[in-house]
Amino acid sequence: KMAAPMELFCWSGGWGLPSVDLDSLAVLTYARFTGAPLKVHKISNPWRSPSGTLPALRTSHGEVISVPHKIITHLRKEKYNADYDLSARQGADTLAFMSLLEEKLLPVLVHTFWIDTKNYVEVTRKWYAEAMPFPLNFFLPGRMQRQYMERLELLSGEHMPEDEEELEKELYREARECLTLLSQRLGSQKFFFGDAPASLDAFVFSYLALLLQAKLPSGKLQAHLRGLHNLCAYCTHILSLYFPWDGAEVPPPRQTPAGPETEEEPYRRRNQILSVLAGLAAMVGYALLSGIVSIQRATPARAPGTRALGMAEEDEEE
Amino acid sequence: MSLVAEAFVSQIAAAEPWPENATLYQQLKGEQILLSDNAASLAVQAFLQMCNLPIKVVCRANAEYMSPSGKVPFIHVGNQVVSELGPIVQFVKAKGHSLSDGLGEVQKAEMKAYMELVNNMLLTAELYLQWCDEATVGEITHARYGSPYPWPLNHILAYQKQWEVKRKMKAIGWGKKTLDQVLEDVDQCCQALSQRLGTQPYFFNKQPTELDALVFGHLYTILTTQLTNDELSEKIPLPDTW
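Protein sequence lines correspond, in order, to chains W and P.
Per the UniProt record's numbering, residue 1 is the first one in the first sequence, and the count goes up by one each step.
Per the UniProt record's numbering, residue 1 is the first one in the second sequence, and the count goes up by one each step.
By construction, these hints were calculated from the structure, which means they are not laboratory data.
Quantities reported herein were computed from a predicted structural model and do not represent experimental measurements.
Don't take every hint at face value.
Claimed, not checked - Listed next, the in silico DSS-like pairs over lysine-lysine satisfying Cα-Cα at most 27 Å (straight line):
#1 W:K169 to P:K93
#2 W:K79 to W:K42
#3 P:K71 to P:K206
#4 P:K71 to W:K169
#5 W:K169 to P:K168
#6 P:K166 to W:K70
#7 W:K169 to W:K126
#8 P:K93 to W:K70
#9 W:K70 to P:K71
#10 W:K70 to P:K176
#11 W:K79 to P:K177
#12 W:K118 to W:K169
#13 P:K168 to W:K70
#14 W:K190 to P:K108
#15 P:K108 to W:K220
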């Protein structure tokens with residue numbers, strides 16, 4: 001008797017990636033690495049997830065796990081273990097590098113996507129607002145931003161910066177250092193621990209992929225990352241190997257810029273016409289109702305006279 | 001520090017040699033200092049000892065407030081004040097003393113990563129134990145943290161700090177953790193460190209580095225501090241490491 005298959009709920013894809021959210025992407029990548037048979041639901045409404053947040057895993061026993069590390073631990077328990085062949089020393093290295101990622105790279109990723117005004121408005125909020133159903137798209141992106149801001153404040157509040165700019169510079173400097181360290185550790189290998197991907201690769205890939213693929217207007221870290229060629233190659237390699245269909249979304253962006261625009265055009269024209277008509281109707285209605293213009297039924301012979309009289313009367317009233 | 005300020009500090013630092021009267025400030029040893037701060041202070045002291053730089057330890061009740069970043073310990077060298085192990089290591093490097101120069105690029109990356117691991121897991125676990133475990137908080141932390149101050153300031157400051165730490169724990173996802181889960185994390189961290197160390201005397205080559213200083217500071221403090229429950233110190237796989 002087969003238990004129900006495991007179901008993974010995660011944020012849907014965009015920007016050429018299978019998912020736009022860091023945690024969802026990491027979990028998805030790990031699942032692909034291990035070939036775990038998951039039923040993946042790509043949704044853009046966190047309220048439809050069983051735990052209220054994304055990503056979330058519903059196990060075959062109906063239990064719901066929502067912390068990414070715990071999801072991966074559960075997959076490991078179910079014998080989908082990407083770290084099986086790692087030596088104890090490599091396992092220790094994994095823990096250490098994950099801490100490095102969380103301390104140095106995560107704050108900057110959060111800042112780049114959610115705090116940096118240009119990026120937030122033009123990329124992040126746009127995607128989330130377009131993806132989410134009505135009426136969530138009005139308040140949920142803003143709420144998410146506030147949550148991320150608070151988290152960032154608490155994380156880096158220890159350093160008590162004098163002003164925001166200094167904090168930003170320091171954050172980005174540490175992130176650049178972290179990326180360089182990762183590049184040095186990867187060297188010319190295919191994955192961090194040889195020829196087979198491990199859980200560390202899933203997490204590093206999710207960070208790098210988001211930084212590289214999203215078209216950020218202010219991408220200071222992107223520029224640095226693009227200079228680290230082995231990391232870029234690593235990223236594209238994983239994307240093409242494990243997410244060939246989602247990766248194939250990348251060429252269409254050439255055609256879609258024309259697409260959405262032509263799609264929007266008839267709507268835009270229609271909306272313009274409708275709004276002009278609505279404006280006219282409102283003005284005419286107001287004019288009629290308030291008596292500025294009155295339509296009188298008069299006999300054709302006397303029409304000009306009465307009309308003149310009617311208007312003269314109104315002038316007196318006013 | 002911004003890049004410009006850092007370059008400036010390095011210039012000034014490089015200009016003068018290490019003075020004889022350098023001092024390290026921490027809270028009062030006997031009655032006030034807490035586990036996490038003691039560990040940090042010990043780590044810095046160990047690091048400076050490894051570099052053969054003389055340092056005098058001075059205990060002040062308001063060390064936390066004197067520090068430029070709000071964290072202890074901090075060192076007062078010449079006319080500069082630098083706090084926390086990371087900046088202190090850089091400052092000492094600018095003066096021409098460094099323990100990690102001989103390491104290759106990959107090893108430097110590993111060293112940084114392991115230092116983050118210690119900060120991420122051990123330090124956070126210490127903070128959790130001190131401020132979020134009700135038994136420890138009631139019996140030890142509150143009393144110690146507020147000891148130099150008169151009533152009611154001692155209670156107010158202790159509660160304020162506790163609230164701050166709890167907020168931070170929530171932000172990094174440790175708010176919902178139980179003590180057992182925290183101890184499990186400590187266990188994992190110690191296993192990782194033990195694996196990395198193997199049978200060598202130090203983590204890298206035959207020379208100690210700042211990673212050794214940091215790990216020593218934390219482990220020694222955990223092993224020698226009396227807490228309400230000894231589970232934390234029991235997690236340390238004993239002496240073949242030290």
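Structure-inconsistent hints, enumerated in ascending order: 3, 8 and 9
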